[in-house]
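Undergrad: From first to last, the protein sequence lines are chains A and B.
The working numbering numbers the first residue of the first sequence as 1 and each following residue consecutively.
The working numbering numbers the first residue of the second sequence as 1 and each following residue consecutively.
In case anyone wonders, no lab produced these hints; they're calculated from the structure.
Take the hints with a grain of salt, since some may be wrong.
Derived list of chain B stretches under chain A, where covered just means 3 residues or more per stretch with a C-beta under 8 Å from a C-beta of chain A [unchecked claim]:
| id | region |
| --- | --- |
| 1 | 45-54 |
| 2 | 60-72 |
A partial selection of chain A residues facing chain B, derived with a Cβ cut-off under 7 Å [what the hints assert, rightly or not]:
| id | residue |
| --- | --- |
| 3 | V76 |
| 4 | E94 |
| 5 | T102 |
Straight-line Cα separation of at most 30 Å, BS3-like style, residue types lysine-lysine; simulated pairs [what the hints assert, rightly or not]:
| id | chain 1 | residue 1 | chain 2 | residue 2 |
| --- | --- | --- | --- | --- |
| 6 | B | K222 | A | K194 |
| 7 | A | K120 | B | K218 |
| 8 | B | K134 | A | K198 |
| 9 | B | K205 | B | K218 |
| 10 | A | K56 | A | K222 |
| 11 | B | K205 | A | K120 |
| 12 | A | K56 | A | K152 |
| 13 | B | K115 | A | K152 |
| 14 | B | K115 | A | K222 |
| 15 | A | K198 | A | K56 |
| 16 | A | K299 | A | K331 |
| 17 | B | K115 | B | K205 |
| 18 | A | K56 | B | K218 |
| 19 | B | K115 | B | K218 |
| 20 | A | K56 | A | K194 |
| 21 | B | K134 | A | K56 |
| 22 | B | K115 | B | K134 |
| 23 | B | K115 | A | K198 |
| 24 | B | K218 | A | K320 |
The structure presented is a predicted model; accordingly, all values stated were derived computationally and were not measured.
From the three backbone atoms N, C-alpha and C, an ideal C-beta is built for every residue, glycine too.
Here are the chains, one letter per residue:
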Amino acid sequence: MSTERIASGDGVVFTDVCKIYPDGTRAVDMLNLDIRRGELVSLIGPSGCGKTTTLKMINRLEEPTSGSIVVGGEDVRSSDAVALRRRIGYVVQEIALFPHLTVAENINVVPELLGWSAAKMRGRADELLEMAGLAPERYRYRLPDQLSGGQKQRIGVLRALAADPQVILMDEPFGALDPISRETLQNELVSLQKNLRKTIVFVTHDMDEAIRISDRIAILRKGRVEQIGTPEEIQTAPGNDFIRNFIGEDRLSQMSPDDSVGMLLEEPWAVAAPSESASAVLERMEENDREFIHVVDPKRGVWLGAALLGRVRRAAVAGKSVVESLSRDRKLYLEDAVLRDVAEMLADRDISIPVLDSGERLLGVITSAGLARLAMNRLRGNRTARAAGEKKEGTR
Amino acid sequence: MSQKSLVDLFITFVGRNWQRILWLTGEHLLISLIAVGITVAVCVPLGIYLTRNERAAPYVIGLANVFQTVPSLALLGFLIFVLGIGNDNAICALFLYAMLPVLQNTYTGIRGVPKSYVQAARGMGMTDFQILMKVQFPLALPVLVAGIRVAMVWTIGTATLASAIGGGGLGRLIFSGLSSIRNEIILAGAIPATLLALAADWLLKRAQEYFNPSARAKRLAKRHGMSAETESNSAA
Ligand SMILES: Nc1ncnc2c1ncn2[C@@H]1O[C@H](COP(=O)(O)OP(=O)(O)OP(=O)(O)O)[C@@H](O)[C@H]1O
Ligand SMILES: [Mg+2]
């Protein structure tokens, strides 16, 4: 049924995967998940929802009962399990650095299995240690026992990176750390990921962690994906009660004025092309009872300006093109705009704000209704949230 | 017999018979080494096998336990019916007697390696054999060597009984001293046997230390011209 997805699956693709353990436990139940290449996806959910099982099926530490899992375009069952595992990085919560091996040897476990030369392995260990901010000459011959918890887990991550796999699996890698080193490592992972663009499947039960590091978050429940989306989507539009509870009312009602405006983007009601005459545009605006319209170059999507009703009317009377009526002073750029800007601009004048990317292209608009909806979502029951979620469907 | 005269007698005896004592000590050591060698060669693989076939483990270890519990002299006696008299019989008995610590320590040592290491090793793409050789065996090594140490010391002690069934070794002196009621001869057998046991214990203890990961890490660092840093470092 989903064969076309398999072909496109460059990252990690689960199709109708079930896992029933010999004792009858249904750990994973018709799981579908499409993790794109270069994406960091967190799996999160209550204990026993099948996160670890899902992860272990990727490198065949567990075999699915049914369904298919494709890694880098290849069905895992068609590859040799041992070879597959050497191609996939693996980090576990217990860290499990081998206590009898030095730091450098631990890092080079997989390269050694792959038969790299001693010189190459030594170079690789040094390179990775430096990347993690650990002086190689100090740490190379240390034993895991001589490291702090945070350092151990850093080495655990380096070990997964050593043979440069495209896909990396992490099972609650920072779960055992104190909050401060956990946050440090999360930040390190984010900056690492910015450069390396690995496909990372990250199991966690810490929502803050998932929000901080993920491109997308998959919320699992009883072996299924309950909802998947960007951290913002999950927070703005939790799909149901379970997810609301899981995310936590606290977090939902937490709205910082410094949050990005990405979650507020809406499709504009209509756009006009610069070639249209002012009178044609005026007619559409009056028909739809709108006070303004955004004018966008249809070829490249570049935003040319907003046309306000009064000025369009004047331009129409003069028989001019709509371009004559544009104003360009009210706009935001997605990269740097925060909710505070939106609130101030809307308070100043209650008409929708265009949001542009760095190439001046129109990404969407923000309306006071959208802002109000977000506020409601984060303050109140889930019915509003679901409605907003449906409304957001057409976004971007 | 006064204390002084025993010492005098002992010195005189050793002075006259030192070559024989030395030879018997060598024979004693050889018998013990062969017995422990066979024990290690059999029981280490067997112990590993048992970690993969856990259901057989209680029976096999139980059997080793039985051999261990039978009084050593009685065991030697029984074996006369099977193997006749002589050193082979003695070595065979010593092997049965030394099985338990080696078998048990191999088994518990390997089983005691935390599952998380094995899982991590498998997850990184080690084959079962690589997991055994690169992870389980090295981590079980201290326990295993401790088992061999116990077996070695026991065997050197028990080997004195070998002469009771026609075997050689320092038991010869002890038994002839006992039958002729000459304490200096007993001592001439007992003292080297004791020293042998102590020396073996010390050596194997050193071996245990040598295989210790931190000793190894230090050697590695030194070989590459670096001082191993053992000072505890600040947390992340
Ligand atoms: N080897 C196994 N045999 C039988 N049942 C198992 C096995 N491993 C896991 N399970 C069961 O499968 C279900 C999912 O387990 P899994 O370890 O995937 O959960 P998880 O989401 O990782 O939980 P946690 O957050 O506690 O780590 C649980 O009910 C668990 O008891
Ligand atoms: Mg788990």
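Undergrad: Work down the list of hints and note, for each, if the structure agrees.
TA: Right, here's what the structure says about each hint:
{"no.": "1", "hint": "45-54", "in the structure": "violated (count 0)"}
{"no.": "2", "hint": "60-72", "in the structure": "violated (count 0)"}
{"no.": "3", "hint": "V76", "in the structure": "13 Å, violated"}
{"no.": "4", "hint": "E94", "in the structure": "4 Å, holds"}
{"no.": "5", "hint": "T102", "in the structure": "5 Å, holds"}
{"no.": "6", "hint": "B/K222 to A/K194", "in the structure": "38 Å, violated"}
{"no.": "7", "hint": "A/K120 to B/K218", "in the structure": "22 Å, holds"}
{"no.": "8", "hint": "B/K134 to A/K198", "in the structure": "28 Å, holds"}
{"no.": "9", "hint": "B/K205 to B/K218", "in the structure": "18 Å, holds"}
{"no.": "10", "hint": "A/K56 to A/K222", "in the structure": "16 Å, holds"}
{"no.": "11", "hint": "B/K205 to A/K120", "in the structure": "36 Å, violated"}
{"no.": "12", "hint": "A/K56 to A/K152", "in the structure": "22 Å, holds"}
{"no.": "13", "hint": "B/K115 to A/K152", "in the structure": "18 Å, holds"}
{"no.": "14", "hint": "B/K115 to A/K222", "in the structure": "26 Å, holds"}
{"no.": "15", "hint": "A/K198 to A/K56", "in the structure": "18 Å, holds"}
{"no.": "16", "hint": "A/K299 to A/K331", "in the structure": "20 Å, holds"}
{"no.": "17", "hint": "B/K115 to B/K205", "in the structure": "28 Å, holds"}
{"no.": "18", "hint": "A/K56 to B/K218", "in the structure": "36 Å, violated"}
{"no.": "19", "hint": "B/K115 to B/K218", "in the structure": "27 Å, holds"}
{"no.": "20", "hint": "A/K56 to A/K194", "in the structure": "25 Å, holds"}
{"no.": "21", "hint": "B/K134 to A/K56", "in the structure": "22 Å, holds"}
{"no.": "22", "hint": "B/K115 to B/K134", "in the structure": "14 Å, holds"}
{"no.": "23", "hint": "B/K115 to A/K198", "in the structure": "28 Å, holds"}
{"no.": "24", "hint": "B/K218 to A/K320", "in the structure": "85 Å, violated"}
In terms of the numbered hints stated before, the structure departs from hints 1, 2, 3, 6, 11, 18 and 24, listed from lowest to highest.
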